[in-house]
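Asks: Residue numbers (UniProt numbering), protein chains in the order written: chain A, 1 to 400; chain B, 1 to 430.
In short, the hints are calculated from the structure, not lab data. Among these hints, one or two may not hold up.
[As the list claims (entries may be wrong)] Label pairs and their computed distance ranges (CB to CB): (1) B/Phe115 with A/Ile134: 45 to 53 Å; (2) A/Tyr359 with B/Glu425: 25 to 33 Å; (3) A/His357 with B/Asp101: 55 to 63 Å; (4) B/Pro390 with A/Arg340: 46 to 54 Å; (5) B/Val167 with A/Arg340: 53 to 61 Å.
Every residue, glycine too, gets a C-beta built ideally from N, C-alpha and C.
So you can see what is in the structure, the chains are spelled out below.
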Amino acid sequence: MSSIIHGAGAATALSTFNPVDSKKLTNLSVRSQRYIVAGSEASKKKSFGSALTVRHSQKLIPNAVATKEADTSTSTGHELLLFEALQEGLEEEMDRDANVCVMGEDVGHYGGSYKVTKGLADKFGDLRVLDTPICENAFTGMAIGAAMTGLRPVIEGMNMGFLLLAFNQISNNCGMLHYTSGGQFTIPVVIRGPGGVGRQLGAEHSQRLESYFQSIPGIQMVACSTPYNAKGLMKAAIRSENPVILFEHVLLYNLKEKIPDEDYICNLEEAEMVRPGEHITILTYSRMRYHVMQAAKTLVNKGYDPEVIDIRSLKPFDLHTIGNSVKKTHRVLIVEECMRTGGIGASLTAAINENFHDYLDAPVMCLSSQDVPTPYAGTLEEWTVVQPAQIVTAVEQLCQ
Amino acid sequence: MATAFAPTKLTATLPLHGSQENRLVLPIRLAPHSSFLGSTRSLTLHSSRRLNHAHATRRSPPVVGVQEVVKEKKSINSLLITKEEGLVLYEDMILGRSFEDMCAQMYYRGKMFGFVHLYNGQEAVSTGFIKLLTKSDSVVSTYRDHVHALSKGVSARAVMSELFGKVTGCCRGQGGSMHMFSKEHNMLGGFAFIGEGIPVATGAAFSSKYRRDVLKQDCEDVTVAFFGDGTCNNGQFYECLNMAALWKLPIIFVVENNLWAIGMSHLRATSDPEIWKKGPAFGMPGVHVDGMDVLKVREVAKEAVTRARRGEGPTLVECETYRFRGHSLADPDELRDAAEKAKYAARDPIAALKKYLIENKLVKEAELKSIEKKIDELVEEAVEFADASPQPGRSQLLENVFADPKGFGIGPDGRYRCEDPKFTEGTAQV
């Protein structure tokens, strides 16, 4: 299969892969066959691993290769860091729709604690980029009330962990009000912020809230991992009529990638094929994608051919992409940064077992963070999250 | 109509938006029988010390508490309302009362279930405020929201159907007693947890301000947030007072202080029971008004709403009121003293308004009777309508969870789950 050829150049930290972004639903069922064929064509036409531009109207040809450096000569686009990509997406949406506004602590004059909103207050004013007092529950509720009355707020949690204080509003109002009001009020908010285990930030600043929020009915959750999908998901989330929680990761803000110049969005409900393969499906999201790709390098050298999928949509799961992969490889490894108990991996394991049990040759294995409060000490912190060596071991175990 | 309310002797009664001078708050002496007349528990004396710290000379907003804004309505020449206004107010209060009484009947007959919280006795607050609002102003309430919805203009039929859980209810039967929403009438709910609605109200007010200042539209809409005494010990209340005052949002915070949470007396739960005083601490006027008197409430409301419309910011209004029934229909109401209940029953706001209208020769008895009859028929008809309406079908189960049903995601077959024919039947796996 053509995809194996691409496998050799597989595992650098940053993929320039552009995911399928077809707006037409009919393409979805055709998608999976399409990419395998198209991948080989793409490799013949362009030099190895060029980033293909993405347009709404075209059916996308995903280039499944993770390459070293993007071929800059043939492709247009501009290079930037992930936080700049988020900022660009946010700014473009604010330019496009005057109802889009930002609320959060230090988003205005300070430019955001991770500089995602840098410069926006100067451009759009203090009311559109609102510096709130430190009261997560109330300002999240305020954003929800504003959304009900016509605005489209983007709420920033300075650290995702702080949104625990806003749980009342997120669960009861954000998730439920569209339903309880019989469909009368929509809540088109985007709740975003950095989460995940950083560099010795301590337990409370290293939280992964995706597992806590996943049961709330009425919300969607997405996790970005590259500048390309960060900008795309930010824009899609802002344009969506549903409340969306966008999970960013503290350690990924400085990733650099070349992204297209023109307007594009990433579908909120789709997963991203990072590296097609034959032997095993590895499902991951956010920072763990990079640990997986690092492990994939080692695995390829050992002769394995892993298929890596960045699930991106944490709620709902893209069972189509995942299912097709399981049907092909028959082995699944989930690598996540969430806690073991009740995490995204746990839900995903259940979903796969429920839907694709017949296709599995081995039990679904899930590598998650330890169920411990993240310790401060560097060595201990390293052992709480999944490391590439563990991924390699797990794959070897599953593929016996 | 003389008030039976012997207030604290706050010697400075100050206009809401007065000027800078004579701002001094003089020491308050609290009589042991207290300003909370109904309560037989005595209020602890507050030290007058505290009040000398008032921000008298300090900063700009001339905010001090106001009591007894409207002392007495004396002669015909200084009547507070016209005949038409009087009839509107009377009809609204009668509607609230009859509707709630009918709710109780229907509950005990098994037509509605769950937690139902009735508003009997507090009608003056709802009518006093909401009848001053336009259709585009917003109202946010709590679980005791039937009458707020009715005053705002939601039809009795829609509310009753909602309580019966029928498709024709204002929220298609999906909300229930505690979640009355109406986009058309800008009734933003109906919240089950206390304090939860206050930030939503703050957001609606923020929207108004945004429309005016950023989108440059002509927007004078205000938001009125209703909540109780128990909520005033909740963090969300304070967080929103801060934000509303900080940004001068067009919002009015109305505390319906009926002295009791469920079985917890306000005095047992609150270190400083005088809620109106908490307004000035945040830089907004705090007003205390007799919530059993619709005309007094209306006067205060006029000031507060005008302030908000002019962009001068929020106001905190504490309405001392009382609920004649238990906290909910499941509450046996054993803790409240019979004497307290009797005292407030004697100050029934509907009876008081009726007396005022007749004594001041604004209306004739017969006109009021015809209103009562009309409302009776309206409520009966609402019940019949609700009875006759269909229950929601299975297909309604999965609708409205998401505004964009693509949020249910992509199924294993590659199609969006909302395209699955079983989805519209309500039986799809989502």
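Asks: The structure should be examined with respect to each hint, and the outcome stated for every one.
Replies: Against the structure, the hints:
no. : hint                               : in the structure
1   : B/Phe115 with A/Ile134: 45 to 53 Å : violated (33 Å)
2   : A/Tyr359 with B/Glu425: 25 to 33 Å : holds (28 Å)
3   : A/His357 with B/Asp101: 55 to 63 Å : holds (58 Å)
4   : B/Pro390 with A/Arg340: 46 to 54 Å : holds (47 Å)
5   : B/Val167 with A/Arg340: 53 to 61 Å : violated (44 Å)
In summary, the structure is inconsistent with hints 1 and 5 from the numbered list given earlier, while agreeing with the others.
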